[in-house]
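Novice: Could you slot chain B onto chain A? The hints should help.
Protein chains in written order, with this note's numbering: chain A, 1 to 43; chain B, 1001 to 1245.
Derived by calculation from the structure, the hints in this document are not laboratory data. Note that the coordinates shown come from a computational prediction; the quantities given were computed from them, not determined experimentally. Idealized CB from N, CA, C, for every residue including glycine. There's no promise every hint is true.
If we take Cβ atoms under 10 Å as the criterion, some of the chain B residues that face chain A in the derived model are [unchecked claim]:
(1) Val-1042
(2) Arg-1043
(3) Glu-1088
(4) Ile-1096
(5) Leu-1231
Calculated cross-link-like contacts (lysine to aspartate or glutamate; reagent style EDC-like; alpha-carbon spacing at most 20 Å) [to be verified]:
(6) A:Lys-35 x B:Glu-1222
(7) B:Lys-1147 x B:Glu-1219
(8) A:Lys-35 x B:Glu-1226
(9) A:Lys-35 x B:Glu-1221
(10) A:Lys-35 x B:Glu-1230
(11) A:Lys-35 x B:Glu-1225
(12) B:Lys-1147 x B:Glu-1222
(13) B:Lys-1147 x B:Glu-1078
(14) B:Lys-1147 x B:Glu-1221
(15) B:Lys-1147 x B:Glu-1226
(16) B:Lys-1147 x B:Glu-1225
(17) A:Lys-35 x B:Glu-1228
(18) A:Lys-35 x B:Glu-1219
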Amino acid sequence: MPHAWNYVGVGYGVALVVLATYVTWMLRRTRRLRKTLARDSDG
Amino acid sequence: MTSGLQGLRRYWFGATVTVALGIAALFALVISPPDADQGDVVRLLYLHVPTIWVAYLAFFVTGVASILWLVPRTRRTEWDLLAGASAEVGVIFTGITLVVGSVWGRPTWGTYWVWDARLTSTAILFFLYLGYLALRRTGATADERGKRCAIAGLIAFADVPIVHLSVTWWQTLHQNGTVFNPKLEVTIHGSMAFTLVWSVAAFTLFYVYLMLRRLQLAELEEGLEERELELAIAERQRVEEMVTV
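In isolation and in its complexed conformation, chain B is listed as follows:
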């Protein structure tokens, strides 16, 4: 009964997220006007900004979960699984940010890629967390894995503020923040601002959905791992008993 209710709740949450993303796409691709300078290519803004926002959020959650795992009083396996689940979602969104930004760069800057401070630090962020995910797959006990991943998760998070502030610190090709710039001067208005805010909210909900589903999958993977370990131990004991007899 409880799992049925949970399933129903998950279904409705998934449906809500789909509708929110659908409305975001409608505003981004149809209702919002083209930009005076960039024309229709500005529509990539409504995808590029929400995806990097989700990546920041995901890595922040990984960082917090890592701290909670490292502190002995709050240490629980769930924090380690949450950190891993959130990092995986973050890597997917960072990858999308890089691709979409690159596609946007071609018509606006005349190039797909340039070793600009923002682009380079974002690429480093992507590879740092890709390394973190690889580290999670190395063989170790749950405790060893938790410790090394929590430390790696916190080290990698140091790049997030660098990525965000890179446009202020180095003033290279990438433009300053549309909303979160040093003077907090919002440089977007009207239906374009609404579309951006809606897209960010819709993608945030999507992140929560993905993260909960990934966490559930991680718990199942953990259960399977334990089950396989139990079977392996039982098999070994059986063989040892046969040898003794």
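This is chain A alone, in the form it adopts within the complex:
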């Protein structure tokens, strides 16, 4: 099967990018909201 690794690379690449972006967004937003809520309760 010609160029099989191209397809494998695209498949795994897309999955890696999507999941890494999702995890990064989730962790950053959690940190930001925690800080906002802590600041509000202090103030």
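Specialist: What follows is chain B alone, placed relative to chain A:
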């Protein structure tokens, strides 16, 4: 102290999931052999099957949490948040399944997309839960949102068995299940079977990690929403008092 311990536990769980996924990638891309017919492109199997499995699991959890929210005796805000968190993770994995399946289709079927029963029902599943997530963002009280989302979550779940059984019912282009087919005849063996089982287990752990983190974020969002509501009410009372004076 408790939150420190929780943080440490979360860290170790995250590290365990990363190692499990790393081993899965090693087996999928290096150790497992190429297929006699498909060659190296068969390696997409170790990503395609676990992602749709996680999507099924995520939507099942959404369904169960929706039922628990609908039953008055077990109704708690947490069930609604859990349903939403799990559905979001499920949508991400369904999207990946569709893309990876499409990429796999090109070298094996000669096309990225065909309106086959499995592909079409999976696309419908993706859009149903995308609609569910949109519904969660519509303005309403927590109770109204919980009710409409729980009903929508259960209606959308009806598509999951249709997706799974579509290859048996309609016998179109997509192949039958490698393990969960009607005769339960496992059509994969040796290191390929091990890689598939390991990948499914690693992705299941990854789902649990993502879902717990998303649930935590949903609780913070809920807290912020309540805080903003309190501030808005206080501001309104202040303005009304000023007008009265």
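Novice: Starting from Lys-35 (chain A), check that the Cα of Glu-1225 (chain B) is at most 20 Å away, please.
Specialist: It holds: about 15 Å lies between the C-alpha atoms, which stays within 20 Å.
Novice: Would the hint on Leu-1231 (chain B) stand, with a C-beta cut-off of 10 Å toward chain A?
Specialist: Because about 8 Å separates Leu-1231 (chain B) from the closest Cβ in chain A, which is inside the 10 Å limit, the hint holds.
Novice: Lys-1147 (chain B) and Glu-1219 (chain B): Cα distance at most 20 Å?
Specialist: Holds, at roughly 18 Å.
Novice: Verify the interface restraint on Glu-1088 (chain B): the C-beta must sit less than 10 Å from at least one C-beta of chain A.
Specialist: This hint holds: Glu-1088 (chain B) lies near chain A, its Cβ roughly 9 Å from the closest one there, short of 10 Å.
Novice: Sort out whether Glu-1226 (chain B) lies within 20 Å of Lys-1147 (chain B), counting only the CA atoms.
Specialist: The hint holds at about 19 Å.
Novice: Given the hinted pair Lys-1147 (chain B) and Glu-1078 (chain B), is their Cα-Cα distance within 20 Å?
Specialist: holds, 13 Å
Novice: Just to be careful, I want the Cα atoms of Lys-35 (chain A) and Glu-1226 (chain B) compared with a cutoff of 20 Å; is the pair within it?
Specialist: Roughly 16 Å separates the two Cα atoms, so the pair holds.
Novice: Hey, Lys-1147 (chain B) versus Glu-1225 (chain B), does the alpha-carbon distance stay inside 20 Å?
Specialist: holds, 19 Å
Novice: Can we keep the Arg-1043 (chain B) interface hint, with Cβ of chain A closer than 10 Å?
Specialist: holds, 5 Å
Novice: Let's test the interface hint: is any C-beta of chain A closer than 10 Å to that of Ile-1096 (chain B)?
Specialist: holds, 5 Å
Novice: Between Lys-1147 (chain B) and Glu-1222 (chain B), does the CA-CA distance stay at or below 20 Å?
Specialist: holds, 17 Å
Novice: Does Val-1042 (chain B) hold up as a contact with chain A if the rule is Cβ-Cβ below 10 Å?
Specialist: holds, 9 Å
Violation of the numbered hints given earlier is absent; every hint is satisfied by the structure.
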